[in-house]
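S.K.: For reference, the chains in residue letters:
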Amino acid sequence: MKEGEKEIELIKKGKRLDGRGFEELRPIKIEVGVLKRADGSCYFEMGDNKVMAAVYGPREMHPRHFQDAKMAVVKYRYNMAPFSVDDRKRPGPDRRSVEISKVSREAFDPVIIKEYYPKTAIDVYVEILQSDAGTRTAGINAASVALADAGIPMKDMVSSVAVGKIGGEVVLDLSGMEDNYGEADMPVAMVARTNTITLLQMDGNFKKEEFERGLKLAMDACHKIYELQRTALIERYSKSVGEGEGEE
Amino acid sequence: MYKVVVPGDFISEEANRAGEGTYVEEGKVYAMKYGIVDDREEIKVVALSGKYVPTKGDVVIGEIVEISFPYWIVDIASPYEARLHTSEFTRNEREKIEFGSMGKYLDLGDLIVAKVMNVDAMMRVDLALKDEFKIGEGGRLIEISHTKVPRLIGRSGSMIRMLKEKCNCFIFIAKNGRVWIKGSEDEMNLALQVVLMIENEAHTSGLTDRVSYFLDSFKR
Numbered sequence: 056m057k058e059g060e061k062e063i064e065l066i067k068k069g070k071r072l073d074g075r076g077f078e079e080l081r082p083i084k085i086e087v088g089v090l091k092r093a094d095g096s097c098y099f100e101m102g103d104n105k106v107m108a109a110v111y112g113p114r115e116m117h118p119r120h121f122q123d124a125k126m127a128v129v130k131y132r133y134n135m136a137p138f139s140v141d142d143r144k145r146p147g148p149d150r151r152s153v154e155i156s157k158v159s160r161e162a163f164d165p166v167i168i169k170e171y172y173p174k175t176a177i178d179v180y181v182e183i184l185q186s187d188a189g190t191r192t193a194g195i196n197a198a199s200v201a202l203a204d205a206g207i208p209m210k211d212m213v214s215s216v217a218v219g220k221i222g223g224e225v226v227l228d229l230s231g232m233e234d235n236y237g238e239a240d241m242p243v244a245m246v247a248r249t250n251t252i253t254l255l256q257m258d259g260n261f262k263k264e265e266f267e268r269g270l271k272l273a274m275d276a277c278h279k280i281y282e283l284q285r286t287a288l289i290e291r292y293s294k295s296v297g298e299g300e301g302e303e
Numbered sequence: 323m324y325k326v327v328v329p330g331d332f333i334s335e336e337a338n339r340a341g342e343g344t345y346v347e348e349g350k351v352y353a354m355k356y357g358i359v360d361d362r363e364e365i366k367v368v369a370l371s372g373k374y375v376p377t378k379g380d381v382v383i384g385e386i387v388e389i390s391f392p393y394w395i396v397d398i399a400s401p402y403e404a405r406l407h408t409s410e411f412t413r414n415e416r417e418k419i420e421f422g423s424m425g426k427y428l429d430l431g432d433l434i435v436a437k438v439m440n441v442d443a444m445m446r447v448d449l450a451l452k453d454e455f456k457i458g459e460g461g462r463l464i465e466i467s468h469t470k471v472p473r474l475i476g477r478s479g480s481m482i483r484m485l486k487e488k489c490n491c492f493i494f495i496a497k498n499g500r501v502w503i504k505g506s507e508d509e510m511n512l513a514l515q516v517v518l519m520i521e522n523e524a525h526t527s528g529l530t531d532r533v534s535y536f537l538d539s540f541k542r
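Protein chains in written order, with the working numbering: chain G, 56 to 303; chain B, 323 to 542.
Chain G extracted, bound-state conformation (with noise of 0.2 Å):
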């Protein structure tokens, strides 16, 4: 992407395209439980992503021949609304969300205790309704909001970023335009309180003292996501315990 390098600037005077600071997160939005027939559920706005993430179970399995006996089994669906993107998307599963939905599932994994209801299923369900780059990592932060609300034991909770490379410079949480004419780009999940990274790829190229940086930059920015999954979490039940509050 030289050529395009040169079309688009993607920082002028120190600011990224959208006003940001280089180790600036897109404004983050975090409401739980708003489906109810779900178990649980999560909607999470990272900038112009918008995510609805629902857990149904543990359930019953089924085929029956994909139970596992000794465990759960965690599915996950990474789905992209046809709206989601300027250009009609085909719906349906492509290569991309199937791969998606495969890197998502496994970053839950080190997380989610499945001894704990063997031969059943929990489905995790995150369907991108507007998507602005990353947003496999958007879906990460409401499913794991999303399965906590489900009420599923787990050990900790997934938080998740991406960082990339524009213009030569090293910067967190990349918008559409940046990804598409940037260098390149980094999602990251992680466990914020172990600093356990669960999923990590990339596309394009960084130079060793980058990706450093940039992982640096994403293990910070997962640490302030968990706080305000933590805090959605809490919030949700706080507020009604403050009613009730003086009368005990």
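Honestly, I wouldn't trust all of these hints.
Said to hold, decoys possible - Calculated lysine-lysine pairs in the DSSO-like style (CA-CA distance at most 27 Å, straight line):
#, chain 1, residue 1, chain 2, residue 2
1, B, Lys456, G, Lys279
2, G, Lys144, G, Lys130
3, G, Lys91, G, Lys130
4, G, Lys91, B, Lys325
Claimed, not checked - Pairwise CB distance ranges (calculated):
#, chain 1, residue 1, chain 2, residue 2, range
5, G, Thr251, B, Asn490, 53 to 61 Å
6, B, Lys378, G, Arg119, 21 to 29 Å
7, B, Asn490, G, Phe121, 48 to 56 Å
8, G, Glu154, B, Asn522, 37 to 45 Å
9, G, Glu86, B, Gly341, 26 to 34 Å
10, B, Phe391, G, Lys125, 27 to 35 Å
11, G, Ser293, B, Asn490, 33 to 41 Å
12, B, Ser539, G, Asp149, 52 to 60 Å
13, G, His117, B, Glu342, 26 to 34 Å
Quick caveat, the hints were computed from the structure, so don't treat them as lab data.
Just so it is clear, the structure is predicted and the values come from calculations on it, not from any experiment.
Think of the CB as a built atom: it goes at the ideal place given N, C-alpha and C, for glycine as much as any other residue.
Fit chain B to the given chain G structure using the hints.
M.R.: Then chain B, alone, in the frame of chain G:
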């Protein structure tokens, strides 16, 4: 005051007191579920949501969903189905239930009160019948989250006692979150409303007083 935790939250250093809903790592107790901390006796996390998993001795309300000789397959509001053997039915009579006649005793859709006799490693659940097992006509059955059942019963049964008295209803709460209410039409509706109110506000403090106040204001 209630303390809400999310999975992975540090709770305590006292690893020997770690109980349900927690796990221990490097001698520290962490939350395993999204819930409320209870450290009166042992350190527990009382989940705010989640599916019912049967354990031996639980009394549940189940629905017959399949007849497959010599078992009735029973839905117990759980990821695991339970089964009830025909011998449970004929224990006191000297007769055998013939293949094909099981429907005469319990048919599809019938509701039963049963005790979980055994749960094996394969999560096969065996039920035993209670004396008063069949849920007859009349009355209401509602399903709430099983995590809210202790709140509905209240400390040493205070909540449910008050509810039974003030609504003048027969109320039976099963461990799997199914509640059977029987009484006059108006009283049943009131009891139902209160049960749902308790489910919605289960995590709040001073709930018993509020329910009491609500019921009194309704009576006037």
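S.K.: Could you run down the list of hints and mark each one as holding or not?
M.R.: Against the structure, the hints come out as follows:
1. B:Lys456 to G:Lys279: violated (55 Å)
2. G:Lys144 to G:Lys130: Roughly 23 Å between the alpha carbons, so the hint for Lys144 of chain G and Lys130 of chain G holds.
3. G:Lys91 to G:Lys130: holds (20 Å)
4. G:Lys91 to B:Lys325: Holds, because 24 Å separates the two Cα atoms, which is no more than 27 Å.
5. G:Thr251 to B:Asn490: 53 to 61 Å: holds (57 Å)
6. B:Lys378 to G:Arg119: 21 to 29 Å: At 25 Å between Cβs, range holds.
7. B:Asn490 to G:Phe121: 48 to 56 Å: holds (50 Å)
8. G:Glu154 to B:Asn522: 37 to 45 Å: holds (41 Å)
9. G:Glu86 to B:Gly341: 26 to 34 Å: holds (31 Å)
10. B:Phe391 to G:Lys125: 27 to 35 Å: Given about 30 Å between the Cβ atoms, the range holds.
11. G:Ser293 to B:Asn490: 33 to 41 Å: holds (36 Å)
12. B:Ser539 to G:Asp149: 52 to 60 Å: holds (58 Å)
13. G:His117 to B:Glu342: 26 to 34 Å: holds (29 Å)
Violated hint: 1 only; the structure is consistent with all others.
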